[in-house]
Amino acid sequence: MPTENASLTNAGLTNAGLTHANLAKGAQTLGIVAAAALVVFMPMMVELFDLMQYTIFAVMGILALSLGFIWGFGGIMSFGQTAFFGLGAYTFAVTAINTDGGWSAVALAVLVPAVFAAVLGYFMFYGRISDVYLGVITLTVTLILFNVVNSTAGDAYTIGDAPLGGFNGIPAVPGLSMPGNPDYFFGPEENWYLSAGCLLLVYLLLKGVLRTHFGRVVVAVRENETRAALLGYDPRIYKLLAFVIGGGVAGLAGCLFTNWGAFVSPTVFSLSTAAQIIIWVTIGGLGTLLGPVIGCFLMQYLILQIGTQQSFNADLVMGAILLAFVLAMPMGLVPMARLLAWRVIERLWPAGAGGQDADTADATPDARMAEGAK
Amino acid sequence: MDLAAVLTLDVLNGIASLILLCTGLAVIFGMMKIINLAHGEFLMLGAYATVVAVDSGINIWIAMLVISPVFVGLVGLVVERTFIRLLYGRLVDSMLATWGLSLFLVGLITTIFGNTIKSVPSPLGGFTIGAYRSSQYTVFLVVVAALLLGGLWLLMRRTRFGLIARATMQNPDMAAAMGVSPPKVYMATFGLGAAITGLAGGLLAPVAGVLPTMGAAYIAKAFITVVAGGASVITGSATASGLFGFINQSASYLTTPVIGEVFLFVFAIVLIRLLPQGISGRFFRGSL
Numbered sequence: 001m002p003t004e005n006a007s008l009t010n011a012g013l014t015n016a017g018l019t020h021a022n023l024a025k026g027a028q029t030l031g032i033v034a035a036a037a038l039v040v041f042m043p044m045m046v047e048l049f050d051l052m053q054y055t056i057f058a059v060m061g062i063l064a065l066s067l068g069f070i071w072g073f074g075g076i077m078s079f080g081q082t083a084f085f086g087l088g089a090y091t092f093a094v095t096a097i098n099t100d101g102g103w104s105a106v107a108l109a110v111l112v113p114a115v116f117a118a119v120l121g122y123f124m125f126y127g128r129i130s131d132v133y134l135g136v137i138t139l140t141v142t143l144i145l146f147n148v149v150n151s152t153a154g155d156a157y158t159i160g161d162a163p164l165g166g167f168n169g170i171p172a173v174p175g176l177s178m179p180g181n182p183d184y185f186f187g188p189e190e191n192w193y194l195s196a197g198c199l200l201l202v203y204l205l206l207k208g209v210l211r212t213h214f215g216r217v218v219v220a221v222r223e224n225e226t227r228a229a230l231l232g233y234d235p236r237i238y239k240l241l242a243f244v245i246g247g248g249v250a251g252l253a254g255c256l257f258t259n260w261g262a263f264v265s266p267t268v269f270s271l272s273t274a275a276q277i278i279i280w281v282t283i284g285g286l287g288t289l290l291g292p293v294i295g296c297f298l299m300q301y302l303i304l305q306i307g308t309q310q311s312f313n314a315d316l317v318m319g320a321i322l323l324a325f326v327l328a329m330p331m332g333l334v335p336m337a338r339l340l341a342w343r344v345i346e347r348l349w350p351a352g353a354g355g356q357d358a359d360t361a362d363a364t365p366d367a368r369m370a371e372g373a374k
Numbered sequence: 375m376d377l378a379a380v381l382t383l384d385v386l387n388g389i390a391s392l393i394l395l396c397t398g399l400a401v402i403f404g405m406m407k408i409i410n411l412a413h414g415e416f417l418m419l420g421a422y423a424t425v426v427a428v429d430s431g432i433n434i435w436i437a438m439l440v441i442s443p444v445f446v447g448l449v450g451l452v453v454e455r456t457f458i459r460l461l462y463g464r465l466v467d468s469m470l471a472t473w474g475l476s477l478f479l480v481g482l483i484t485t486i487f488g489n490t491i492k493s494v495p496s497p498l499g500g501f502t503i504g505a506y507r508s509s510q511y512t513v514f515l516v517v518v519a520a521l522l523l524g525g526l527w528l529l530m531r532r533t534r535f536g537l538i539a540r541a542t543m544q545n546p547d548m549a550a551a552m553g554v555s556p557p558k559v560y561m562a563t564f565g566l567g568a569a570i571t572g573l574a575g576g577l578l579a580p581v582a583g584v585l586p587t588m589g590a591a592y593i594a595k596a597f598i599t600v601v602a603g604g605a606s607v608i609t610g611s612a613t614a615s616g617l618f619g620f621i622n623q624s625a626s627y628l629t630t631p632v633i634g635e636v637f638l639f640v641f642a643i644v645l646i647r648l649l650p651q652g653i654s655g656r657f658f659r660g661s662l
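These protein sequence lines map, in sequence, to chains A and B. All letters in the first sequence, in the order written, are residues 1 to 374 by my numbering. All letters in the second sequence, in the order written, are residues 375 to 662 by my numbering.
Next up, chain B with everything else stripped away, as it sits in the complex:
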């Protein structure tokens, strides 16, 4: 019974991490059709923002939940203004350019901070379920992931910004005719996606080793989840994260973490073969 509870928590943790990892990417890809290959580096910047803020004496909660998303969001805005806006509709070029950006950021951070692992202590302690120990931070991540999805849903469904954003993504010309400025909406959406990624990076900082190349470890997982999720940002991320998180954690528990990861990827490739439009392209048509 205790074991079951711990395993459930483990699976939930896997799902929550995937949601945090991929939602920012899903917003940018799902809404703007830009593949951001610098996604992993945005995560990395978020993690570094938290590390630097904590080192300079700022409360870790503020660092993770405010400074990281704001900082990476601003970086996102600058990136969008400098070159992403030149590349809308040029899918392949935008991939190449963001890959260039990713290398550039890795090089930049390596030059500034060096190639050593930084870390911040986890802010929450552990607790016990019967004979097993777990960390409260795990529970916290699950709650944040749920709040993130819920908040995003509210933002997109219930606010004026959400309405305008959805309209622009569906038909930019029509939206422009109604007085909306699509470039501004694109800018804001890219900034939003980057900020969510920054938040994820900040939240990752206490549980992962923070180093310039850390983005590479997450990028494949994030991509495959978003692609398998399909075009609907929230339902896609949620269903794909749920499925992959469950598979990854159960396979890891039964074998080893590496085999778990392989299992996840193979499953994802087969899934994409069967559902080229992603899960939400098949089952939740028209959802957000």
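With the rest of the complex left out, here is chain A:
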């Protein structure tokens, strides 16, 4: 679906007071305000144990956003997003141990995966490797990292004061402390504010990035790489930059993950984590930012519930859900809900502007929807 047309029609049709575009914008603002309120008041509403669970939900939500951004908008299917997640987690652990919980560890935990993504992305995009091969290569890189880190048991593998610990991981990673007061370490409440705040912030930042010229070109490259190239944009650099942003965001998630549990082990690179992220994005909805987060929350909640019983395995359920979504609802939950909402609204206000607003128009059409329509 041509994005430009949608926004052009829309610009011409902002006549009446209640256009559909305004409605969507209003709903969006309302949603963000509600989410912000939830971040602020959550610690007063739930028990401490639950708050810690929700904190990890938020951390994983950031990871989901990183893939939702590069896959849904950049068209880059990275099967190994855990590579950057794990690198962020390990970078934070190693730096935090060496610097006693400094905030520089956070910066490095974003920077190192971003640089790694730049190097890897250079190989992939400048080699003009297409989507399937991208998946295979990123998956392979994750598994290499898993194997390498797994085999670093022993004193020989130490960075500064931090032993890498092989499959045992790194225990007792110092958490973050209050800026300006190094003796006051973050408790569960502060960590909730930090992680949930970061989730909201990353969401808004990515949303903002997509509204810039750069973001529009990234989406254009996803829609049709040749056409974008003929318009004078080098698709490789746009894909590479999108990939680097995704890597940095995944690194931030990894850093918050280590900070949350004060522990990191090679499982951050594992194949099952990699699979989970893909599942979150797929069921939540490719081509949206909200979808991956919602998919992530739903699946984590489900796995938490499955974990409390013993009769069947969580992998079995996740696999079945992924299969069911790919076969029956390849669009995902959020785009589906949005579509239904639009149908209802169009029924209620049939005379309104036919188009959606520019942001949602960006978000809904994607390759998989087109395929699903075939």
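Careful: at least some of the hints might be erroneous.
[What the hints assert, rightly or not] Example chain A residues on the side facing chain B (calculated, C-beta under 8 Å, incomplete):
| no. | residue |
| --- | --- |
| 1 | 119 |
| 2 | 123 |
| 3 | 127 |
| 4 | 136 |
| 5 | 144 |
| 6 | 147 |
| 7 | 210 |
| 8 | 214 |
| 9 | 275 |
| 10 | 282 |
| 11 | 319 |
| 12 | 320 |
| 13 | 322 |
| 14 | 323 |
Note that these hints are calculated values from the structure, not bench results. Note that the structure is predicted; figures quoted are calculated from it, not measured. Yeah, the Cβ is synthetic: ideal placement off N, Cα and C, and Gly gets one too.
Chain A is already provided as a structure; the job is to place chain B on it using the hints.
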């Protein structure tokens, strides 16, 4: 001299394992353009089939060479009929669906057999070369890998099925106009690929720990080999396996197995950067 012989055997073993690991995947990917992310789990099912058969008193050779490929081949047919056939031409969706299948199978086998390592004893003894010892099973694997490639070549080049299969892969519409039923050919090809993978899994059972998540250990190697091999199923698998097996084993010998593996992967990524169409896309155009 003895050392050289042992090292050669080691390298040959590495190459043979790679060929066994990746040929089934290469058949499915090269001929049908379906990336089967449940490949590792097909291996795992093959290994479990052998373990279960041996435990119930069946001769290990029959278990490895007959029961495993037949069982996994049948699983492949069921999988193809239930959902793969809905996903032809939808590359990304087929990857996602087979990944879902892979998780499902891991969960299923864990639920049935538990998360413990099973094993079967290696059926062949060892032999000595000078001061070194090696296992006859290694030699057996090399022979099976060679036979597999040779057999596949004969099947594709010299039989009616091979002709029909190749024609369908090149141009399904034309083949259909000539009276071939492409869905049937796809079904058979997927079953064939799955059966080869099952065979590999069965052969792996005596030398690897058999557990539900074992597929993950092999999947990356198999994929990178197939991708680096390129579109030609047999020459691609053979050349890429030969190259990667050699590099992996020599690097492992010079350093450690983990470094050997890293070396293999880095080399593979550089190779794909230089030859995006794979080895056979560049050097053996039009070969099988």
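Verification of the hints:
1. 119: violated, 11 Å
2. 123: For residue 123/A, the interface hint holds, since the closest Cβ of chain B sits about 5 Å away, which is under 8 Å.
3. 127: holds, 4 Å
4. 136: holds, 5 Å
5. 144: Constraint on residue 144/A satisfied, holds at 5 Å.
6. 147: holds, 6 Å
7. 210: Constraint on residue 210/A not satisfied, violated at 21 Å.
8. 214: Result: violated, 24 Å to nearest chain B Cβ.
9. 275: holds, 6 Å
10. 282: The hint holds - residue 282/A has a Cβ within 8 Å of chain B, the shortest such distance being about 6 Å.
11. 319: holds, 3 Å
12. 320: Check passed: Cβ of residue 320/A comes within 6 Å of chain B, closer than 8 Å.
13. 322: holds, 3 Å
14. 323: holds, 4 Å
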